[in-house]
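Chemist: So you can see what is in the structure, the chains are spelled out below.
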Amino acid sequence: MLPNTVDYYRASSVSDALNVLKANPDAKILAGGHSLIPAMKLRLNSPSMVIDIANLSDLNYIKEEGGNIRIGAMTTHGQIAHSSLLAEKLPLFTETADVIGDVQVRNMGTIGGSIAHADPSADWPAALLAADASIVVTNGDETRSIPATDFFVGFFSTALEEGEIITEIQVPVPATGTKMTYQKFMQPASRFAIVGCAAMAKVENGVVADVKVAFTGVSDGPFRDGNVEAAISGKTTTAENIASAAAQAASDVNLNADHYADEDYRQHLARVYAKRALSAVCG
Amino acid sequence: MAETVNITVNGTQHSKEVEGRTLLVHFLRDTLGLTGTHVGCDTSSCGACTVHINGKAVKSCSMLAAQADGKSITTIEGMANGDELHPLQESFREKHGLQCGFCTPGMIMTAADLLNHNPNPSETDIREALEGNICRCTGYHNIVEAIKDAAEKMAVPA
Numbered sequence: 282m283l284p285n286t287v288d289y290y291r292a293s294s295v296s297d298a299l300n301v302l303k304a305n306p307d308a309k310i311l312a313g314g315h316s317l318i319p320a321m322k323l324r325l326n327s328p329s330m331v332i333d334i335a336n337l338s339d340l341n342y343i344k345e346e347g348g349n350i351r352i353g354a355m356t357t358h359g360q361i362a363h364s365s366l367l368a369e370k371l372p373l374f375t376e377t378a379d380v381i382g383d384v385q386v387r388n389m390g391t392i393g394g395s396i397a398h399a400d401p402s403a404d405w406p407a408a409l410l411a412a413d414a415s416i417v418v419t420n421g422d423e424t425r426s427i428p429a430t431d432f433f434v435g436f437f438s439t440a441l442e443e444g445e446i447i448t449e450i451q452v453p454v455p456a457t458g459t460k461m462t463y464q465k466f467m468q469p470a471s472r473f474a475i476v477g478c479a480a481m482a483k484v485e486n487g488v489v490a491d492v493k494v495a496f497t498g499v500s501d502g503p504f505r506d507g508n509v510e511a512a513i514s515g516k517t518t519t520a521e522n523i524a525s526a527a528a529q530a531a532s533d534v535n536l537n538a539d540h541y542a543d544e545d546y547r548q549h550l551a552r553v554y555a556k557r558a559l560s561a562v563c564g
Numbered sequence: 009m010a011e012t013v014n015i016t017v018n019g020t021q022h023s024k025e026v027e028g029r030t031l032l033v034h035f036l037r038d039t040l041g042l043t044g045t046h047v048g049c050d051t052s053s054c055g056a057c058t059v060h061i062n063g064k065a066v067k068s069c070s071m072l073a074a075q076a077d078g079k080s081i082t083t084i085e086g087m088a089n090g091d092e093l094h095p096l097q098e099s100f101r102e103k104h105g106l107q108c109g110f111c112t113p114g115m116i117m118t119a120a121d122l123l124n125h126n127p128n129p130s131e132t133d134i135r136e137a138l139e140g141n142i143c144r145c146t147g148y149h150n151i152v153e154a155i156k157d158a159a160e161k162m163a164v165p166a
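Heads up: the protein sequence lines correspond to chains A and B, in order.
One rule links them: number in the working numbering = place in the first sequence (from 1) + 281.
One rule links them: number in the working numbering = place in the second sequence (from 1) + 8.
Please keep in mind that the hints were generated in silico from the structure rather than gathered at the bench.
Possibly wrong hints are sitting among the right ones.
Claimed, not checked - Keeping only pairs whose Cα atoms sit at most 30 Å apart, straight-line, the calculated DSS-like set for lysine-lysine is:
1. B:LYS103 - A:LYS322
2. A:LYS309 - B:LYS24
3. A:LYS344 - B:LYS103
4. A:LYS322 - A:LYS303
5. B:LYS24 - B:LYS103
6. A:LYS322 - B:LYS24
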């Protein structure tokens, strides 16, 4: 048996999950399990109990309502990758979902589980930051909406408080004519991002407006790159302007280093992928 | 703490007690004796343990047996119809899509998921679908050929 002994609890509703979580502070919420179970197999994590919420169908939906795209936390990467609503309104999300892990992972892994885990090389955080997403969380008594920029606080760390679970991801529907992309240099076995760059921009009269650029994999947590955004904002979409803005990428962050990519190489990759992403959205 | 799970595997309903920590792949191999589903790594990378849950390919090493309660599972043992091999199995044999054979059950289950929703895949579609399955004999070329061949066989009613 690879994981340590663990009690399994299948939640019948969000409030049931929250009540059991309150009574068992060492318990972990089990969504698709494709981050938690591998961690439990390696005994990096040994919770006393897992609370399975994957079957809560009221957390599985993709819809448009009041100018927002709303995605239930238990929606799988595969469902997002194949959503015609998202392909039309928020293609950044279908493009991102389509390069997460592999087919099998996308069939089980969920957007809520992935962002709660907050792996610094996961794909969703970059897309959520570039899309100005908010994360809706509840503890049963109180529901709050946390902007993605406040939600991801660092290495495997989020603004989720004890006793809270994620119920929904909300994204304002991008203005007509907004272009968006996710460009990723992946680790070939794990398929996590060594560098992932999500970008959204709108070009008006040949000038870049409303641009957002976010990275994952580069630093100890995902981040919006204000230097790149400021360097291209208000500029014309020439190759020279794009190259000089991209050259600002990952300038003032702590760079990750591992046996795949040291600091210098990661920074170089961030600039290459910023250029690709900007070229795609400023065209 | 033991959990009772009710799982349908290859059409047969099973009601068994499992530990909370029991991985689905161990339930299939050790409890049910279905050893066609393999374990090739401990990091969810290799895909040798791929089975279908409610028709979709998943890695049975990365989920608990308890998570599969109430679900319908197909393993490699459920692919053939009696003595008649599934077209994918037949094509892997004909096109030499296996050398040592260790990765083959996972390859076939992933390929079957692909052909379920894309009956006429391009070579790129096939290679992308196999992203989560590793072959250490470097037999990918013939695996892709075998899947193409099976798609053609399945498209023509016998």
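Chemist: Name the hints, by number, that the structure is in violation of.
Modeler: 1, 3, 5
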